[in-house]
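Take these sequences, add in the hints, and give me the full structure.
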Amino acid sequence: QQPVQSPQAVILREGEDAVINCSSSKALYSVHWYRQKHGEAPIFLMILLKGGEQKGHDKISASFNEKKQQSSLYLTASQLSYSGTYFCGTEADYKLSFGAGTTVTVRA
Amino acid sequence: EAQVTQNPRYLITVTGKKLTVTCSQNMNHEYMSWYRQDPGLGLRQIYYSMNVEVTDKGDVPEGYKVSRKEKRNFPLILESPSPNQTSLYFCASSLGPDSYEQYFGPGTRLTVT
Numbered sequence: 805q806q807p808v809q810s811p812q813a814v815i816l817r818e819g820e821d822a823v824i825n826c827s828s829s830k831a832l833y834s835v836h837w838y839r840q841k842h843g844e845a846p847i848f849l850m851i852l853l854k855g856g857e858q859k860g861h862d863k864i865s866a867s868f869n870e871k872k873q874q875s876s877l878y879l880t881a882s883q884l885s886y887s888g889t890y891f892c893g894t895e896a897d898y899k900l901s902f903g904a905g906t907t908v909t910v911r912a
Numbered sequence: 008e009a010q011v012t013q014n015p016r017y018l019i020t021v022t023g024k025k026l027t028v029t030c031s032q033n034m035n036h037e038y039m040s041w042y043r044q045d046p047g048l049g050l051r052q053i054y055y056s057m058n059v060e061v062t063d064k065g066d067v068p069e070g071y072k073v074s075r076k077e078k079r080n081f082p083l084i085l086e087s088p089s090p091n092q093t094s095l096y097f098c099a100s101s102l103g104p105d106s107y108e109q110y111f112g113p114g115t116r117l118t119v120t
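Sequences listed follow chains V and X, in order. 805 is the number of the first residue of the first sequence in my numbering; add one for each residue after it. 8 is the number of the first residue of the second sequence in my numbering; add one for each residue after it.
Simulated from the structure, these hints should not be mistaken for laboratory data. Yeah, the Cβ is synthetic: ideal placement off N, Cα and C, and Gly gets one too. Careful, some of the hints might be misleading.
[Unchecked claim] Straight-line distance between alpha carbons at most 27 angstroms, and here's what the computed DSS-like set of lysine-lysine pairs gives:
| no. | chain 1 | residue 1 | chain 2 | residue 2 |
| --- | --- | --- | --- | --- |
| 1 | V | 830 | X | 64 |
| 2 | X | 64 | V | 899 |
| 3 | V | 841 | V | 863 |
| 4 | X | 24 | V | 854 |
[Stated by the list, open to error] One-sided and incomplete, this derived list gives chain V residues near chain X with beta-carbon spacing under 10 angstroms:
| no. | residue |
| --- | --- |
| 5 | 843 |
| 6 | 847 |
| 7 | 851 |
| 8 | 901 |
| 9 | 902 |
What follows is the structure, given as structure tokens:
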């Protein structure tokens, strides 16, 4: 079952902050975050593991609330290069499910 | 260079004409999977493979087949394509499905008329 992402889209000016949320109806061991530019493959940002371990991107942060089965991605002091569609992914029984995506547009 | 390759990148075909999209990775990854991407629906997993000769259905397997005879290759087969399989397809590989980064191929844009 796909995780649910919100919002569907967000428009920012350079330097502004945004939060993207991801929630699942299943117990989570890990949450993945990827960014995709138009016409390109998704690129790994980070993985958050149960227990607090985090692997990935230095300039983008995220949190993982295991009890609520939710994760949030924080885009701080956004740059033009942050534009793209962000996907969260969750794993259950060796299957990976991704959310429908959040489109982020950063304007100068 | 570590990479996942897919071929072809673009394909236009007709209903019912069997086709294969190849996927190959050079990172010795055990886990490989296929996704389709449609507007508003995100990435949906079609099939995955935990290792050679071990494959299983993802969320949208109908109309697709896969095989994993070698660790590096994971082809996607459409025996009788239909217009509703028009989509953007991605292959991905990793050390595992849960706590490891997924490496995605460049994508294959398929149009079935």
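Hints violated by the structure (listed by number, smallest first): Number 4 only.
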